[in-house]
Amino acid sequence: MTKFFQLVIAGIEIGSIYALVALAIVIIYASTGLKNLAQGEMAMFSAFIAYQFHAWGLGIWLALILAILTTFVLGMGVQQVVLKPVQDSSLLTVVIVTLGLFLGLNSVAGFIWGYMMLAFPAIFPEGALEIGSVDISYAAIGVFAVLLACAGALFALFQFTKIGLAMRAVAYNKETSMLVGVQVNRVIMVGFGLAASLGAVGGIFAAPKLFLDPFMMLTVLIYALASAAFGGLDSPLGAVIAGLFIGVIENLAGGYIGFIGSDLKIVVPLVIILGTLLFRPQGLLGRKYIPRV
Amino acid sequence: MRKTTTRRFGAAALALSLVAAACGGDDEADAPAPAPAEEPAEAPAEETGPGGYVWDGTTDDGITDDTLLIGSSGPLSGPASAYSPITQGVGVCADYINGEFGGVTMLDGKTRQIEVEILDDGYSPEQTVENIRRLHEQVGVFATVNVLGTPTNTAIVDIVEDNEVPNILVATGATRWGRDFASGDYAYTMGWQPAYQTEGKIYAAYIADNFPGSTVAILQQNDDYGDDYVSGFEMGIEGTDIEIIAVETYASGDPDVSQQMISLADSGADIFFNVTTPKYAAQAMVSIGSLDWDPIQFLNSVSNSTGTVLIPAAEGGGAVEGVYTAKWAADPTDPALADDPAMIEYRDMWAKYSDLNTDDAFAFFAWNSCMAQKEIFNNIYPTRASLLATVGNMDEINIEVPLVYAENVSTSIGTGDGWPLEAMQVEQYNGGVWEKQGAVVDVDF
Amino acid sequence: MANTTITRGTSQYRSIVTVGFALLGLVVILLPFVLSGFRTFQFTMALLWALGVLSLNMLTGWSGQISLGHSALFGLGSYTTCILVGTYDWNPLLTIPVAALVTFIFGIMIGIPALRLAGLYLALMTLAIGVAFTPVIRRFKEHTGGSMGISIKKKVFPEEILGLNLDQYLYFLVVIFAVVMFALARNLLKSRVGRAITAMRDNEIPAQTMGIYPARYKTLIFATSSMFAGIAGALYAFVIRFSAPYSFTLTLAIFFLAGLVVGGIGTLAGAVLGGLFIQFVPYYAEEINQGLAGMVFGIIIIIIMVSAPTGVLGLIKKLRARVVTVTDPSVVRH
Amino acid sequence: MSLLEVNNLVAGYGMVQVLNGISLSVEDGEVAVVLGANGAGKTTTLRALTGMIKTSGSVLFEGEEMVGKKTDQIVRRRIAHVPQGRGTVAQMDVDENLDLGAYIRTDKAGIAADKQKMFELFPRLAERRKQSAGSLSGGEQQMLAIARALMMSPRLLLLDEPSLGLAPLIIRSVFDTLRQINTEFGTTMLVVEQNANLALSIAKTAFVLETGDIVAGGSAEQIAADDTIRKAYLGI
Amino acid sequence: MSLLEVSDIVVRFGGVTALDEASFTIDEGQICGLIGPNGAGKTTLFNVISRLYTADSGSVRFGEHDVLATPPHKIAGIGIARTFQNLGLFPTNTVLQNVMIGAHHRTKTEFLQAMFRTPAARREERETRELAIEILNDLNLAHVANSPAAGLPYGTLKRIELARAVAADSKLLMLDEPASGLTHSEVEELGETIRLLRDRYDLTVLLVEHHMAMVMSVSDKVVALDFGRKIAEGTPSEVQNDPAVIEAYLGVEAS
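Residue numbers (the working numbering), protein chains in the order written: chain A, 3 to 295; chain R, 72 to 516; chain H, 439 to 772; chain V, 6 to 241; chain W, 301 to 555.
Hints in this document: simulated from the structure, not taken from any laboratory. Any given hint could turn out to be false.
[As the list claims (entries may be wrong)] In silico negatives: residues of chain A with every beta carbon more than 10 Å from chain H:
no. : residue
1   : Leu120
2   : Gly166
3   : Asn175
[Unchecked claim] With a cut-off of at most 25 Å between alpha-carbon atoms, the simulated SDA-like pairs for lysine to any residue come out as follows:
no. : chain 1 : residue 1 : chain 2 : residue 2
4   : A       : Lys5      : R       : Thr286
5   : V       : Lys113    : A       : Gln161
6   : V       : Lys209    : V       : Glu10
7   : A       : Lys176    : V       : Gln22
8   : H       : Lys593    : H       : Leu604
9   : A       : Lys176    : H       : Leu558
10  : H       : Lys628    : H       : Thr705
11  : V       : Lys75     : V       : Met57
12  : W       : Lys374    : H       : Thr705
13  : V       : Lys113    : A       : Gly166
14  : V       : Lys236    : W       : Glu547
15  : V       : Lys59     : V       : Gly34
16  : V       : Lys113    : A       : Leu156
17  : A       : Lys164    : V       : Gln22
18  : H       : Lys755    : W       : Pro448
19  : H       : Lys579    : W       : Asp366
20  : V       : Lys59     : V       : Asp98
21  : H       : Lys756    : W       : His443
22  : H       : Lys628    : W       : Glu547
23  : H       : Lys592    : H       : Ser474
24  : H       : Lys579    : R       : Ile315
25  : H       : Lys756    : W       : Pro448
26  : A       : Lys176    : V       : Ser30
27  : A       : Lys176    : V       : Lys236
28  : V       : Lys59     : H       : Ser745
29  : H       : Lys592    : H       : Phe615
Note that CB positions come from ideal geometry on N, CA and C, so glycine has one too.
With the hints as extra help, turn the sequences into a complete structure.
Shown next as structure tokens:
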């Protein structure tokens, strides 16, 4: 049983990272209908920015807060410069543009910081909480807490603030939003910045565990996309649940199913998603879209 | 990268003047170790080179009276870019040799500037095929050096053979390079570093001697590199009482290896054999630190850099104390070597001719390889046959790679011994330094 | 500059087209005799990429289904040939129909579930297939050689065929296949089936009321596209004589997409331009800056998508329109 | 000076020109209606007024030119627009929809008071405060949409076919409420409507739109007596 | 016997009843106008007949065919063609191709024949093209035959859609607001065109239109819907003067 619980905890820890990036994807998708394939690379870039601030001598928490703020601004910039021109274009265009962004960010990060793995300073204290024979590392608790805090903050932002209200309104109904005086484009820009920051949180908190290099988020992105699709592309709650679920399931599958082993671990979530999409195309918690004739 | 600036302009300038003086007059007692350039020039001007090669006075493609053109291909972009210093190092090496020694002086007495063409293959085999053909057919190189990767070299091995352009010092530890070179099946492709399989055997032998009756859990990358290590290890424990009780694999690109480590911990094995690349090696050690498992660890040499693996892993709460590894070369981040003159020269020269991070194990790999290149090219006639004869008989030339455990820098075709390097030293990480355990092991195949 | 008007179908138009194609044909035929083996090989590769782009174009350009997994289909073709020749000593040419069949069947197998998915979700599904391909190949390493890859010995090809060296032979082999495949694709596009597929892409519900059965056409074009990718992959195995998981990663899928948009989505000639782009742009991007080649590539893609959505072919057509106006014959009844 | 003065307004979608240069005006405090059959350009007129489509000509609101301004800038002049299909956010609850209506306001106390007023005006909404707008009946949604618009405390309220899709009884209650709002709050309204008799019953001024042109305009009584409407609607 | 027989069709969307036991018939060769205020259920009815929506109950008979038992892509095959309110054209295809697509269900060429251009495929392609050109000529669209549909004037697009529906060689042609977005003169012309097409191609026409003058002048028969129910059926003048229709349009008199 120790193995089982240990696998579940490790699954929650990595799943929290998937969930954070998935949240970022969902927020952008829900508010703009864009799917940002560069979300993972943006998160990776943010982690490097945090690393850089820390290397310049700032405390780790200050560095990560500054990095998140920087990312917020960068995210808005990316939206304005790269994505706004193609916002209303076909899905193919958007996919390709974000893939271009993906290649570009990856290459620039490698150029600036190199491809060698870098140690990212620990954010949470070392050590673990011991419950019976199960060790729960403080880092795992911390990352999970950060996910909950982000999800909570997001919920509060959406539910209790004016900008949150406007963001939700824009996501659901652009026309009505415009008619009550919401500056839709500005809200989308802020939404993009917010999503980028959330991704940044994912990237930064992943960095101590995964170690920092330009390819850190490559596979995480696949899992995050999977989580977003599985949970429902427009459901933040779905993204969180699905991220955690996929983290746990891939660990249990890798740990217990011999044929799958660790080799085919990545195939497991993909199969789950395919299964889900085939029978529930809108994802677990997503809304069904009924085309009008 | 930037933090080396001061050293570059302080110590480096001084060291440079020393080296320059050493080259000129040999009158500096404290001159660093590298082989003086004039040595080959003093060699008797007979027309027979290493390996009994008899020069007929011809010159092969890629060589003029004052230039030597070589090439390399490796991942400068893409997921394997971490290795890029090895590939870039070929260019740095040429600058270094040209800058410090005016080039290589071959056995025909002519000194030639090295020119290098480096191409990016992104670790994609078909791109390597294209690159190698470009180097052979368009650029017209004399030889290729340090071409990186097992699948990439596998893709080009036939082309190399057909075009008869030597591909020496390939940057991969797959077993076949030494074996096929020795057997003559693929006489134009030659390895450099000890084979992964060899290293696996060394650990097996060490464990059998020192920890009899123990059980082993292995984490390996699910590719040729991981398989080579594990198969070497399995060969090594055959007939002993060592037993492998758990093997987990991961794919390069996976986010992390927590799940594998939990499964291995569940086996409760006495020994953990860590066959992973740097990032995963660090992750695995961090996992052990957080799990209720305290095995004796053996870490493969691919990831035994103090500065880029063990210190980061320790910072992340990893269990690094007492880890064993086997080394064939020194570690540039080893604090014990901080004042070693050879290490200082490495740092100075690499800082002078490149902006590579000198702490990077792969940059250091390139330096070691560079030392070998210099001597190899100093000991050939300007023909490819001569090059092959020389690399096939490296014991006949004096390769001074001071930071390599070089007791056995030798290959000789026909004796079944096809690896330039196959001597390794088992070491243990204690209090931030690697301590030698026992003698250098020379595994003879 | 004087703007000349040419009408399609007239003898003037026909002679221009004939002369154009004759010149193009001449260039294509003479190329391997003028260029070095390496350059010939590069053009062979460019044609292989063009076939990959063509196959993606059939799916994405014609029917609007995005695929981020075409690398896997291409790889499947390549592995089929490598395994049959490398392990079972088949005659290489005989493996092409097998690769076509295997990828066609595989295409149907993924095409059917793909029916239930649209747009984004389909892109996700194909991405999943693209990502899963490498681990699956490694998992079955008894057959695929795992990460070491699987090779074809050069000896299976004679040194000289019909007086051609191997580079020239492979070049012409690929050229012949390319000409046939492009012709087949063109015929398909310009037929009832092609019209139905593009109609479905443009406006699916009205298309259905016209009697077009979306499930049938979507599945079949998926399978056909997959088969084209598979044949291209098989030919790739001839040329590279090696298959390894590293060759068929997401990067290749992205390259195909990039080639598609750079050449011009939906067009046939665009695929050739796309193939040339994939082959030669990284080759020259390296000269700008080796470390930032990815950025150069990324920026090119973004700029083209934002400023020239019709791709290079669209630009060429615009430039041509400045000099020559091509009009269609009037269909007015007299 | 009229509150709203529209001169030679031209608008359309893409290649299609829908309004061929219409002119109309609305006085402060009055209810004006634009009548017309489907496809006449009624919705387009309102969308043009709030800058949601490409427009040329002149729209003077309180003497200020609105053509060329962005929707949110126009709305900030306190022009509330209830679009066809109600324009509530279906996924948000009643409370949130009302909050959204007050988006441009910053006076918290005033907002709370107005919200209270809305619940008095529409008691059904008070009962359903925490229900999502999408779950309300058609009539309730229309009420919510009007309440949402009033939360802005608008100078001008634009209503697009408030009767659309509602049962006759409900339609009547909606129009009664509109009349009440006009008399109680003095809100100026421009209503476009197909249901001519009902619309005329609350209007002071009326315009008849036919395929993009205003074919008649004047006092509501005048228009009601006229047979332009029958002709426009039933082709008689 | 009537050609189309719609009986007791009920369609509900959530709580809303879009069609409430709607029933009517059309005889062969008739032009039938279907009118009603916005939201009366006219387009929903079209969508039920072309099988884009599924009816909750009721039946639709077309000749011998049970329409509701026919899959959507086979509706064209039994002889029902339609146009769309917001244009159902294929913008990147040329006008000629658009019209040829209309003839899809009449033709047979499949993947392999198409790829290898078999003689049968070529013959069929030539015939389809000739047919399309003939229709385009009939509708004065020949001059735009080779332009892509995207970018043409709205009125032209409307006519192209008509041409395409005609190319289906159907017995029943359902037109969903063909006059919307057209100018006055275009609307008048459209009425004539519809009659001309009916005569030339032996069509029966079901016409949804708000432009009353046009509906009344062109229809042999008019059916009025309100709230999903049929409120009147008869000749244009009967329906025009039906009190229920007047109330539906002009609204209840203010009390």
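How the hints compare with the structure:
No Cβ of chain H approaches the Cβ of A:Leu120 within 10 Å, the least distance being about 17 Å, so the stated non-interface status holds. Distance to chain H confirms A:Gly166 as a non-interface residue, since its nearest Cβ pair spans about 25 Å, more than 10 Å. In this structure A:Asn175 is separated from chain H by more than 10 Å, as the shortest Cβ-Cβ distance comes to about 20 Å. Simply put, A:Lys5 and R:Thr286 have alpha-carbon atoms about 19 Å apart, close enough for the 25 Å limit, and the pair holds.
A C-alpha spacing of about 17 Å is found between V:Lys113 and A:Gln161, which places the hinted pair at or below 25 Å, so the restraint holds. A hinted pair counts as satisfied when its Cα atoms are at most 25 Å apart, and V:Lys209 with V:Glu10 qualifies at roughly 16 Å. For the hint pairing A:Lys176 with V:Gln22, the CA-to-CA distance comes to about 24 Å; that is within 25 Å, so the pair holds. Annotation: proposed proximity of H:Lys593 to H:Leu604 holds, straight-line Cα distance about 11 Å (limit 25 Å).
Taking the CA atoms of A:Lys176 and H:Leu558, the gap is about 21 Å. The hint holds against a cut of 25 Å. A C-alpha spacing of about 12 Å is found between H:Lys628 and H:Thr705, which places the hinted pair at or below 25 Å, so the restraint holds. Restraint check for V:Lys75 and V:Met57: the C-alpha separation of about 8 Å stays at or below 25 Å, so the hint holds. For the hint linking W:Lys374 to H:Thr705, the alpha-carbon distance of about 31 Å lies beyond 25 Å, and the restraint is violated.
For the proposed pair V:Lys113 and A:Gly166, the alpha carbon gap of about 17 Å is at most 25 Å, so the pair holds. Among the hinted pairs, V:Lys236 with W:Glu547 is consistent with the structure: their alpha-carbon atoms are about 15 Å apart, no more than 25 Å. For the hint pairing V:Lys59 with V:Gly34, the CA-to-CA distance comes to about 28 Å; that exceeds 25 Å, so the pair is violated. Using a Cα cut-off of 25 Å, the hinted pair V:Lys113 and A:Leu156 holds, with the two alpha carbons roughly 23 Å apart.
Proposed proximity of A:Lys164 and V:Gln22 is contradicted: the alpha carbons are some 38 Å apart, above 25 Å. Taking the CA atoms of H:Lys755 and W:Pro448, the gap is about 15 Å. The hint holds against a cut of 25 Å. Between the alpha carbons of H:Lys579 and W:Asp366 the distance comes to roughly 56 Å, so the proposed pair goes past 25 Å and is violated. Between the alpha carbons of V:Lys59 and V:Asp98 the distance comes to roughly 32 Å, so the proposed pair goes past 25 Å and is violated.
Of the supplied pair hints, the one linking H:Lys756 and W:His443 holds, its CA atoms being roughly 22 Å apart against a limit of 25 Å. About 53 Å separates the Cα atoms of H:Lys628 and W:Glu547, which puts this hinted pair outside 25 Å; it is violated. Proximity of H:Lys592 to H:Ser474 is assessed by CA-CA distance (about 19 Å); at most 25 Å being required, the pair is judged to hold. As the CA atoms of H:Lys579 and R:Ile315 are separated by approximately 22 Å, the hinted pair is consistent with the 25 Å bound.
Using a Cα cut-off of 25 Å, the hinted pair H:Lys756 and W:Pro448 holds, with the two alpha carbons roughly 16 Å apart. For a cut-off of 25 Å, the pair hint linking A:Lys176 to V:Ser30 is broken: about 29 Å separates their Cα positions. Restraint check: the Cα-Cα separation between A:Lys176 and V:Lys236 comes to about 37 Å, which exceeds 25 Å; the hinted pair is violated. Only pairs whose Cα atoms come within 25 Å are accepted, and V:Lys59 paired with H:Ser745 is accepted, the gap being roughly 23 Å.
A hinted pair counts as satisfied when its Cα atoms are at most 25 Å apart, and H:Lys592 with H:Phe615 qualifies at roughly 21 Å.
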